[in-house]
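J.: Now for the letters of each chain:
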Amino acid sequence: MVEPISVDLVSLNLTSLAPMLIAVFGALAILCIDLINKNLHKSFYVMLTVLFLIVDLGAVIGYSGATRGFFDLMLIDGISILAQIIIIVASALFILLALSQQRFHEYRYPEYFALFLFMVAGFQFMVSSDNLILIFVGLETASMALYTMIAMHNRDKSLEAAIKYFTMGAFAAACFAFGVMIFYALTGSMELSQISASLVATNFEPFPVVLLGVVFITVALGFKLSLVPFHIWAPDVYEGASSAMAGYMSIVPKIAAFVVALRFFEIFVSADILWVEIMLYILVVITMTLPNIIALVQEDIKRMLAYSSISHAGFVMAAILLGTTQSTQGIFLYWALFMFTNLGAFAMLWVHRQKKLEGYATDHPFAKFSGLVKKSPMTASIMGLFMLSLAGVPPFSLFWGKMYIIGSAINADYIVLAVIMALNSAIAAYYYLKLVVYMFLKDPISNDKVEFLGNANHTLKTVIGISALVTISAIFFINPLLEIISYYVQVSGF
Amino acid sequence: MQYLLSILIFFPAVAAIMGFIVHKDSMRMYAITVTTIEFILSCILWYLFDSSNGGMQFMEFIPIIAEYGISYNLGIDGISLFLVIMTTFMTMIAVIGLTETRDLKNMLITVLFLEMTMVGVFVSLDAIIFYLFWELSLVPMLYIIGAWGGALRIYASVKFFLYTFMGSLMMLVGMLYLGYVYYATTGAWSFSLADWNMLLLPYNMQMWLFIAFFAGFAIKVPMVPFHTWLPYAHGQAPTIGSVILAAVLLKMGTYGFIRFSLPLFPDASVSMMIPMAILALIAIIYTAMVAYAQEDMKQVIAYSSVSHMGVIILGTFALNVEGIGGSIFLMISHGIVSGALFMLVGVLYDRRHTKMINEYGGIAAVMPRFAVVFGIMLMASVGLPLTIGFVGEFLSLLGFYKASPLITILAGLTIILGAVYMLVLYKKVFFGPVTNEKNKKLVDIKGREMAALVPLVALVVYFGVYPKPILEPVDNSVKQLVQTMYVKSVTPSAKEKIAEVNSIGEAR
Chain A
1 MVEPISVDLV SLNLTSLAPM LIAVFGALAI LCIDLINKNL HKSFYVMLTV
51 LFLIVDLGAV IGYSGATRGF FDLMLIDGIS ILAQIIIIVA SALFILLALS
101 QQRFHEYRYP EYFALFLFMV AGFQFMVSSD NLILIFVGLE TASMALYTMI
151 AMHNRDKSLE AAIKYFTMGA FAAACFAFGV MIFYALTGSM ELSQISASLV
201 ATNFEPFPVV LLGVVFITVA LGFKLSLVPF HIWAPDVYEG ASSAMAGYMS
251 IVPKIAAFVV ALRFFEIFVS ADILWVEIML YILVVITMTL PNIIALVQED
301 IKRMLAYSSI SHAGFVMAAI LLGTTQSTQG IFLYWALFMF TNLGAFAMLW
351 VHRQKKLEGY ATDHPFAKFS GLVKKSPMTA SIMGLFMLSL AGVPPFSLFW
401 GKMYIIGSAI NADYIVLAVI MALNSAIAAY YYLKLVVYMF LKDPISNDKV
451 EFLGNANHTL KTVIGISALV TISAIFFINP LLEIISYYVQ VSGF
Chain B
495 MQYLLSILIF FPAVAAIMGF IVHKDSMRMY AITVTTIEFI LSCILWYLFD
545 SSNGGMQFME FIPIIAEYGI SYNLGIDGIS LFLVIMTTFM TMIAVIGLTE
595 TRDLKNMLIT VLFLEMTMVG VFVSLDAIIF YLFWELSLVP MLYIIGAWGG
645 ALRIYASVKF FLYTFMGSLM MLVGMLYLGY VYYATTGAWS FSLADWNMLL
695 LPYNMQMWLF IAFFAGFAIK VPMVPFHTWL PYAHGQAPTI GSVILAAVLL
745 KMGTYGFIRF SLPLFPDASV SMMIPMAILA LIAIIYTAMV AYAQEDMKQV
795 IAYSSVSHMG VIILGTFALN VEGIGGSIFL MISHGIVSGA LFMLVGVLYD
845 RRHTKMINEY GGIAAVMPRF AVVFGIMLMA SVGLPLTIGF VGEFLSLLGF
895 YKASPLITIL AGLTIILGAV YMLVLYKKVF FGPVTNEKNK KLVDIKGREM
945 AALVPLVALV VYFGVYPKPI LEPVDNSVKQ LVQTMYVKSV TPSAKEKIAE
995 VNSIGEAR
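For the record, the sequence lines run as chains A and B. Numbered as in our numbering, the first sequence ends at 494 without a single skipped number. Numbered as in our numbering, the second sequence ends at 1002 without a single skipped number.
Just so you know, these hints were derived from the structure itself, not from any lab. Backbone N, C-alpha and C fix where the C-beta goes; we use that ideal spot for every residue, glycine too. Errors might be hidden in some of the hints.
Just so you have them, the derived chain A footprint on chain B, three or more residues with Cβ under 8 Å [unchecked claim]:
| id | region |
| --- | --- |
| 1 | 642 to 651 |
| 2 | 669 to 676 |
| 3 | 738 to 745 |
| 4 | 807 to 818 |
The following label-pair restraints were derived from C-beta to C-beta distances [unchecked claim]:
| id | chain 1 | residue 1 | chain 2 | residue 2 | range |
| --- | --- | --- | --- | --- | --- |
| 5 | B | Y697 | A | T362 | 43 to 49 Å |
| 6 | B | T978 | A | S376 | 39 to 45 Å |
| 7 | B | A787 | A | D443 | 57 to 63 Å |
| 8 | A | A367 | B | D938 | 42 to 48 Å |
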């Protein structure tokens, strides 16, 4: 006779689920409201979503120290809190972009907003666990929602993008599951801390099996982080998705995957496993360099930004390779700053969105923006600001992130890596400058069909304004930001 | 007046932001007023400056990123004082002499922003803040060249930006490394130059760091073979862009060598003395020859700039008080003279819209006043005694004579070669009969152009005859610099060498 399982509710520590439950509850609430009244304007749903996100954020900030719960499945530690803050803030900014001037197909469905909140919950689960199964579940919840949201943009290209992303994502998921399986077979555990302990105990033997496991997990994370050579889906998907969505995809799924990568590779980097380090090193260098070179020849701004986002991901991946406390701080500093700048840049494309742009092959060609400064000096200046910040020109925000990560590479004695990073920043400057050159230095083309700010309204302008303000005044809040980040990173022991 | 340096940095920036509101018809006067106030402020700085004190004055210190040791740290000494004054002065003159009419408001706002970054570079004592202003100065210059330049303006501006940006990133890596070394030695983060100057670095590390900083500075100077961006930038830039580029931006590189490379890496500087001198020598002779072969007036002056920057580098790496002091003086004088020459070419260009030498001839008969001013500037550029150009060039060469007489003699060719290409230029443009019909009706300089050029002529003569007001404060600060180098050098051979080139005994 099997013993009845009795679980004490207190031992579950339900509060460790609070933030995700808020998001899930919000999604369900949206679905229920839709049942009652079908004629609500999208602004209602957007604001409701933002409200739930704010409550969610409040719940996240409430934690301090590592909180465990649900049979140790949940682990809300410092880096999880930081990542959740970034996820929620980016999500709130993104969803405000839905209040665009033009009407788009996806925003007519309340399900879109429900899916969105489910996705946020998924990402929050992903970063708040060191159990590979829960990470997997979170990853898949979020990804499934994301695929659907991309497809709901309802253009041929969006459908193509969604299917492409889905296929690639399914493949990555399979790899992840396989990797998890191997580690379970090796160590008898799904918990990263226990996997780490038993791997260290066996001195990372048997080597071929460990290698296989690491490779599978790396491939899976590589897809999510769009590391070269697993990046091929990224430009097409970004191009197919709406600009706002593309900006979102370049930030939130990646920070979630970074946290998983950080937790996973920490096992190997802290044990100084040489072959893992070499593998990561090669991955990082290729991911930084190759997309940079491809981005040089892009004719479309969105594709250029897609490749540049890949390169930025490689830059931050380097911090995981370094594995020092400073580099971990660097990840969050960089990504928090990158969030505002990159989302701002994509939002700039979003406000210039034109339903039918005739005469060009893509939605946002460089040529469309030539001479923008003459037509709309303010937008040109702000876009230029974002480009200079992405290029790493001081004192704009991303320079400080770059400086911090290059600095941490130097402190960890990776001088060559630091030089490669610096050179890549110089290469990247060229294509960011290309847009600046088009906007400021070229003459406007006379084409009546091109319209600017067609999708702009006060909400969108406010979001961009916030991003621009953060980008320009970064120098004043880097210090407090670093203090917060280093507090959270240190309590979680990375 | 405790915050005078901050005021100096941010006054133009604030004025630039407010300039957006000023109506475009009044913009020129607004910019002239702002730059004049800025110049007066810098003169007040000179007045309050204690010349007998070789150390840093007007220090300001506000921590910005305390976690990482980055602070807003300003200060000025005899080395940077005159560079700041020269910057504000040349900006003022360039704005007064501005003849551009397209998008004047945007251009003037950009120039004011540029002035902020230039002053910032010269007074920052924190490496990261220095880097910040250094990089930021690229953006307005990119816009000036790219928006108001000639036919190849976009290529020229992007090349200028990328070339400099790449070099500076290498420098940034060096700076971060040095910050780390400081942390490893003392347990605290700092990017302050004063703190860094306490570090004694091993020789190998000095060499690597010297190379990293060299990448940033040498491209900016520019030293051969990193000079290829300069002729394009000058050739395509509008007059005001060329004036500021030649007068101030290039000096940032040589200033960087004196402020960073020499005191931080004394042993590496001693070992690099001869290699640097050879690079400088190549610049002096080779670019002088290239200048001779040019058909475009502006290119002649652009290449002559590279050539003269070679002399400045030579003086700097003489590593003695005469040489370094001379090179600083030469920076000031070259700023004034080359700025003036670019302005003079601009005057001709405004009238004829061509810079080709063969389009001119016999201008002296049509524009006598112009010819006189050009002649004086030309003499100063060549380095005729009793002009401002002579003092610096002579001291630089004198300084290096103690290190290597042979190289100095070869470098002395600068005066001869300079005379050759400048006088040939002068002959072709100003003398002979007026062959081109279009040149017969040219109007001589007057009004605004006169107001911009006369002060330059006055300075050229005044400081040529009596350079002491500049040389004395420079001397005091340079003596301290040389002493720092002597104390900080770790290898005995370097110590000996520094003592040897400073025969009068300043080092001890």
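J.: All the hints need checking, so say for each whether the structure fits it.
T.: Right, here's what the structure says about each hint:
Closer than 8 Å: that is the beta-carbon criterion, and the region 642 to 651 of chain B has 3 residues meeting it against chain A, so the requirement of 3 holds. Taking a C-beta to C-beta cut-off of 8 Å, the region 669 to 676 of chain B contributes 4 residues in contact with chain A, enough for the three needed, and the coverage statement holds. With a threshold of 8 Å between beta carbons, the proposed coverage of the region 738 to 745 of chain B by chain A is violated, since 0 of its residues qualify and at least three are required. Residues of the region 807 to 818 of chain B lying with their CB closer than 8 Å to a CB of chain A number 0, which falls below the three-residue condition for coverage.
Separated by about 55 Å at the C-beta atoms, Y697 of chain B and T362 of chain A break the suggested range of 43 to 49 Å. The hinted range of 39 to 45 Å is not satisfied by T978 of chain B and S376 of chain A, whose Cβ atoms lie roughly 52 Å apart. Distance hint check: the CB atoms of A787 of chain B and D443 of chain A are about 34 Å apart, inconsistent with the given range 57 to 63 Å. Between A367 of chain A and D938 of chain B the beta carbons are some 46 Å apart, a value that agrees with the proposed interval 42 to 48 Å.
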